[in-house]
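Take the given structure of chain A and dock chains B and C to it, following the hints.
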Amino acid sequence: MRKVIKGNGAVAHGVRLARAQVISAYPITPQTSIIEELASMVAEGELDARFIKVESEHSAMAGCIAASSAGARAFTATSAQGLALMHELIHWAAGARLPIVLANVNRAMAPGWSIWTDQNDSLSQRDTGWMQVYCESSQEVVDSVIQAFKVSERVLLPTIVVLDAFFLSHTYEDVEIPEQELVDGFLPPLELPQKLDLEHPAALGNLVFPDRYMEFRRKMELAQQHALGVWEEVGREWGELTGRPYGLLEEYRTDGAELVLVCAATAASTARVVVDRMRDAGIPVGLVRLRVFRPFPADAFRAVLGGRRKVLVLDRNCSFGHHGIFHQEIKSALFELPAAEQPEIRGVIAGLGGRDITPEDIEDMLTRAWEGRLEEATTWWDVLPAEDPVRAASVRS
Amino acid sequence: MVEINPRTLDDVPATSYSDHATTAIKTGTWKYVQPVYEDKLPACSHRCPAGNDISRFLYLTAKGDLLEAARWIRRGNPLPATLGRVCPHPCEDECNRGPLGGAIAIHMMERFLGDQGAAEELLPERAPATGKRVAVVGAGPAGIAAAYNLALRGHEVEVLDDKPEPGGFLRTGIPQYRLPREVLDREIALVERCGVRFVPDTRVGRDVSLDELRERFDAVLVAIGFHGSRPLGVPGEDHEHVYNGVRLLERILAGERPELPPRMAVVGGGNTAMDVARSLRRIGVEPVVVYRRSRMEMPAIPTEVDEALAEGIEMVFLTAPKRVVIEGGRITGLECVKMRLGEPDESGRRRPVPVEGSEHVVPVSGIVTAIGETAELDMLPEPLRDGWRVAHDARFATPLEGVFTAGDVATGEGTVTAAVGTGRRAAAVIDAFLRGEALPEEAPRVQVLWGRQVRLDTVVHVEQLNLAYHKEAPRPGIEELDPAVRVRDFSEVVRSFTAERAIEEARRCLECGTCNECLNCLWFCPDVAIHKRSGFGFDIDEEHCKGCGICVEECPRDALTLVEVER
Amino acid sequence: MIEVRIHGRGGQGAVIASQILAEAAFREGKHVQAFPSFGSERRGAPVAAFVRIDDEPVRVRTEIYHPDGLVVLDESLISQKLVDVTQGLKDGGWILINSSHGPERFADLGEYRIATVDASHIAVKHHLGSITAPIVNTAIAGAVASFTHLFGLENLADAIRAHVPIKPDENVAAAMEAAEAVRELAPAAGGR
Chain A
1 MRKVIKGNGA VAHGVRLARA QVISAYPITP QTSIIEELAS MVAEGELDAR
51 FIKVESEHSA MAGCIAASSA GARAFTATSA QGLALMHELI HWAAGARLPI
101 VLANVNRAMA PGWSIWTDQN DSLSQRDTGW MQVYCESSQE VVDSVIQAFK
151 VSERVLLPTI VVLDAFFLSH TYEDVEIPEQ ELVDGFLPPL ELPQKLDLEH
201 PAALGNLVFP DRYMEFRRKM ELAQQHALGV WEEVGREWGE LTGRPYGLLE
251 EYRTDGAELV LVCAATAAST ARVVVDRMRD AGIPVGLVRL RVFRPFPADA
301 FRAVLGGRRK VLVLDRNCSF GHHGIFHQEI KSALFELPAA EQPEIRGVIA
351 GLGGRDITPE DIEDMLTRAW EGRLEEATTW WDVLPAEDPV RAASVRS
Chain B
1 MVEINPRTLD DVPATSYSDH ATTAIKTGTW KYVQPVYEDK LPACSHRCPA
51 GNDISRFLYL TAKGDLLEAA RWIRRGNPLP ATLGRVCPHP CEDECNRGPL
101 GGAIAIHMME RFLGDQGAAE ELLPERAPAT GKRVAVVGAG PAGIAAAYNL
151 ALRGHEVEVL DDKPEPGGFL RTGIPQYRLP REVLDREIAL VERCGVRFVP
201 DTRVGRDVSL DELRERFDAV LVAIGFHGSR PLGVPGEDHE HVYNGVRLLE
251 RILAGERPEL PPRMAVVGGG NTAMDVARSL RRIGVEPVVV YRRSRMEMPA
301 IPTEVDEALA EGIEMVFLTA PKRVVIEGGR ITGLECVKMR LGEPDESGRR
351 RPVPVEGSEH VVPVSGIVTA IGETAELDML PEPLRDGWRV AHDARFATPL
401 EGVFTAGDVA TGEGTVTAAV GTGRRAAAVI DAFLRGEALP EEAPRVQVLW
451 GRQVRLDTVV HVEQLNLAYH KEAPRPGIEE LDPAVRVRDF SEVVRSFTAE
501 RAIEEARRCL ECGTCNECLN CLWFCPDVAI HKRSGFGFDI DEEHCKGCGI
551 CVEECPRDAL TLVEVER
Chain C
1 MIEVRIHGRG GQGAVIASQI LAEAAFREGK HVQAFPSFGS ERRGAPVAAF
51 VRIDDEPVRV RTEIYHPDGL VVLDESLISQ KLVDVTQGLK DGGWILINSS
101 HGPERFADLG EYRIATVDAS HIAVKHHLGS ITAPIVNTAI AGAVASFTHL
151 FGLENLADAI RAHVPIKPDE NVAAAMEAAE AVRELAPAAG GR
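Residue numbers (this note's numbering), protein chains in the order written: chain A, 1 to 397; chain B, 1 to 567; chain C, 1 to 192.
The following block holds chain A by itself, in its conformation from the complex (with noise of 0.2 Å):
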């Protein structure tokens, strides 16, 4: 059924058709609408499911950990600072093997103090073993996280479920809602190989010592590289089911494209339409979205990018101290190709708090990068300049 919902909605949506049996969450801005509609479904029948109210971010997650702990389909969602309080438990749900999925909604981390959008909430749990999807539309949200808790679940790693603050999780857009038939038949009920059962007793999270420790790690990375192929066989089929297919990454007008712009989430779907006009007017770019961050498909970028002359990467977050985090994991997968093929690579650090990143913007990067008009590595977009850098540094010299 096509409808007319916001992108927190749309979340809402795929967690009710997931059939997921515990939820436990805390509000934070700009998430809360999403567990007040789960709440809603829940006090209304629509969902069959507990929903825990707890009092933080780090008891959220706890509770999830329990439910998938016993085998209950799990979920939650946060934003910022509440993923940030989490982490401890981030990382147990992954070392627990548990298929938990949770919805971030992308929010800068304070201070200074924001509401709005950009990406380091999430890329900073990039090491904690769990997925990452990064979505760029409403649909894809719905999509994307019946189709995590499938992945999840074959793989035994949570996944992270991303969407922009605002600019999705906010607008309004006509998305199509999924058939329960359909998702029922896509996602089976979960069955995890070792659960909590009392007529079983076993212990969990037990201590292991540095004979055994490396082997669980050893385990959680090959899950990961197993996962890339879970994720593009997952796509294919949810694509047959729907006629919506998705991979790891998705390509716009790459053909004969000799700049390649490669990007995230909403940015993704406004600089579709540059790509369109600058074509139009003769300049060969294409778009690389970047999908699943989580494992990271080092394998499909060098694929797609391997050749051509130029490659752009613009990034709504920072690693501070080490260029755009897409920028780096790009570029040194693109250092295992042979030197000829390498093509040259800038970064643009933009939008990070909300900032907004229209068409002009990308059409003024793309230009700039076609010109050989980026002379750094990175470029901070659309910033006030420096002039005495020990200053604007702010530091004592």
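The hints are simulated quantities; they were obtained by calculation from the structure and are not laboratory data.
Worth double-checking, as some hints may not be accurate.
SDA-like cross-link-like pairs, simulated, lysine to any residue; straight-line CA separation at most 25 Å [said to hold, decoys possible]:
id: 1; chain 1: B; residue 1: Lys163; chain 2: B; residue 2: Trp388
id: 2; chain 1: B; residue 1: Lys26; chain 2: C; residue 2: Phe38
id: 3; chain 1: C; residue 1: Lys125; chain 2: B; residue 2: Glu564
id: 4; chain 1: A; residue 1: Lys3; chain 2: C; residue 2: Pro36
id: 5; chain 1: C; residue 1: Lys90; chain 2: A; residue 2: Ala281
id: 6; chain 1: A; residue 1: Lys3; chain 2: C; residue 2: Phe38
id: 7; chain 1: A; residue 1: Lys3; chain 2: C; residue 2: Pro165
id: 8; chain 1: B; residue 1: Lys338; chain 2: B; residue 2: Arg351
id: 9; chain 1: A; residue 1: Lys219; chain 2: A; residue 2: Leu207
id: 10; chain 1: C; residue 1: Lys81; chain 2: B; residue 2: Tyr32
id: 11; chain 1: B; residue 1: Lys322; chain 2: B; residue 2: Thr332
id: 12; chain 1: C; residue 1: Lys167; chain 2: A; residue 2: Glu36
id: 13; chain 1: A; residue 1: Lys331; chain 2: A; residue 2: Asp127
id: 14; chain 1: A; residue 1: Lys3; chain 2: C; residue 2: His31
id: 15; chain 1: A; residue 1: Lys3; chain 2: C; residue 2: Val60
id: 16; chain 1: C; residue 1: Lys81; chain 2: B; residue 2: Ile25
id: 17; chain 1: C; residue 1: Lys167; chain 2: B; residue 2: Gln464
id: 18; chain 1: A; residue 1: Lys3; chain 2: C; residue 2: Thr62
id: 19; chain 1: A; residue 1: Lys3; chain 2: C; residue 2: His149
id: 20; chain 1: A; residue 1: Lys53; chain 2: B; residue 2: Ala468
id: 21; chain 1: C; residue 1: Lys81; chain 2: B; residue 2: Glu564
id: 22; chain 1: A; residue 1: Lys3; chain 2: C; residue 2: Met1
id: 23; chain 1: C; residue 1: Lys167; chain 2: C; residue 2: Ala179
id: 24; chain 1: C; residue 1: Lys81; chain 2: B; residue 2: Thr27
id: 25; chain 1: C; residue 1: Lys90; chain 2: A; residue 2: Thr358
id: 26; chain 1: A; residue 1: Lys3; chain 2: C; residue 2: Asp158
id: 27; chain 1: B; residue 1: Lys26; chain 2: B; residue 2: Glu553
id: 28; chain 1: C; residue 1: Lys167; chain 2: B; residue 2: Glu463
id: 29; chain 1: B; residue 1: Lys163; chain 2: B; residue 2: Arg197
id: 30; chain 1: A; residue 1: Lys3; chain 2: C; residue 2: Gly152
id: 31; chain 1: C; residue 1: Lys90; chain 2: A; residue 2: Val273
id: 32; chain 1: A; residue 1: Lys3; chain 2: C; residue 2: Ile166
id: 33; chain 1: C; residue 1: Lys81; chain 2: B; residue 2: Gln34
id: 34; chain 1: A; residue 1: Lys3; chain 2: C; residue 2: Asn155
id: 35; chain 1: A; residue 1: Lys3; chain 2: C; residue 2: Glu63
id: 36; chain 1: B; residue 1: Lys163; chain 2: B; residue 2: Pro175
id: 37; chain 1: B; residue 1: Lys26; chain 2: A; residue 2: Trp113
id: 38; chain 1: C; residue 1: Lys90; chain 2: A; residue 2: Arg272
id: 39; chain 1: B; residue 1: Lys26; chain 2: C; residue 2: Gly11
id: 40; chain 1: C; residue 1: Lys167; chain 2: A; residue 2: Met41
Chains B and C in isolation, oriented as in the chain A frame:
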């Protein structure tokens, strides 16, 4: 100094930092609406015929400032100890605390505060003498209330009454077990100390003429009350053992113990009937109350009926007298007919209709009539007579220049509280008259006379309150003397609250529409824009109040209002 | 693609208005987006909401800087100069203002298609909101329908029923009445 609009990164601080406190940001410029402190009319005071400022005196009581509370209640009302005992307290029917544990026992609080304080502590300030003189005719509640208010406004007041002692109906018509005489005497003494002169044994039209009063005084107030009694209109009622209830009660209350038949019918269902029956009981006569409608329709205060029943007084309802049965010159009974209730009449009560063939005799040897009082206007000059009442306009002014009226003889409302209210209102008009000011179109509403800023066009009902802040709390019990004990004499039936109980009860008051400095507004203001004054109340920092309205939302009592900002 | 900006005051229902317009256009088979100005809202303060309507899926995901049309829920935003409502409005764009006055009063806004409708009066008449704070978003949506033809009244009625939980009949009736009550500035009168 941090740049507000930096041109380069050099001028941007290292983090979101401001070298001013957040007060540097004038958030007040953002507002489109703003809160104002605005006390409104609580539902209880709205219904009070005497205009008591209930929420305010309860606030002062709750703070433990009993003397200030006692002073506050005497602003314009000289008879709180009396009213607390005799008023049917319509205020409590409206009390917003009702659904949250029961109405505040306002009448008990009024009574308690009325009993507080020594005369010298309670004496209010008088305005400078005006040299104007007022004669008040009738020393009942209306006359006393008017005299007190006129005296406080600086006028010289004499109150004339045909009885030897002032008090009017309070003294002659209300039994001591409801209103002990020392309570009444104390309140009248306080009025005297405010400069009012009571002139006893002086009847206008007999001892002095109205014209004479008009000559000697700058204004005259006629507040002579209802003293006439309506006849039963049945054969045999001129028998010597058929008594006029008002007159009989006056004699008993004055201490006379006339020879009375042992069992007497008391005909009527109002307060006088109850007072007569209960007083008869106390002097050894067995009364039986005969009332033509049912208990539901009785005009008497319900608690008075309860107390009478508790005292073992027999009542027959839906029964109307037809004939006094006299045998051998002695009354042997009252022939009555049964009634049933028909369609409602103009008073809204269902009209009693006789049931044919239901005649029967109630065996009694005497009868007291108590079916309502009327005015006796014979002694007043013609222009003042208007049917049962004294002719007057909306300002209580009679057709005679400088002559005003108040109380039952003006409005016929029939309660002491209403009489006090009209006395206060008439005094306000007379004051304007004496000062040569233009008279108002209408006498001001009694609530206008409070002397504090209250928005009178908005009555605060329970919907306007933020109930999240008001927990249920039960109304305290009211203690009475045991019925078997109290019928032996005229001791006061209802016991007063202790100071502890009174303070506890005052704390149950929701203070509807009345700021009591609960500080919620201050704590909730996200901009720290509300500041406590050194005196009572708060100041709003206009520069920083951004008009969010949270204070208004969180005010438990609707004492704040959001208004549009003029731009 | 049509881009519409709605101006109102916090609490007036500008966001719901944007949803109703989007829903009505969606029921015409269009692709839509509707979103509020991102940030905190204060009662009575100027707020904006936005709508995009297109035959193709809407891919631009940014704020709207150059709208094709404006809906103004509160004329005092113009008369008190609280907002520069025409900022970024495309040449020849349209403006629909909730006002008891005729459109001539707003001719100074510039060379645009200008119309007024007394949505407040219509809302009060249909008992929507209170006299001091009428809820005008459904009435104004009716006026948008007849003024812009972005969607039909039937689809608008369905959209209102989908988005307004209380008094659906009154809201639909208000929209239908407002559709008839639009007063457009004659091109000659506005032409300068």
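Q) What are the numbers of the hints that this structure violates, sorted from low to high? A) Hints that this structure does not satisfy do not exist here, as all of them hold.
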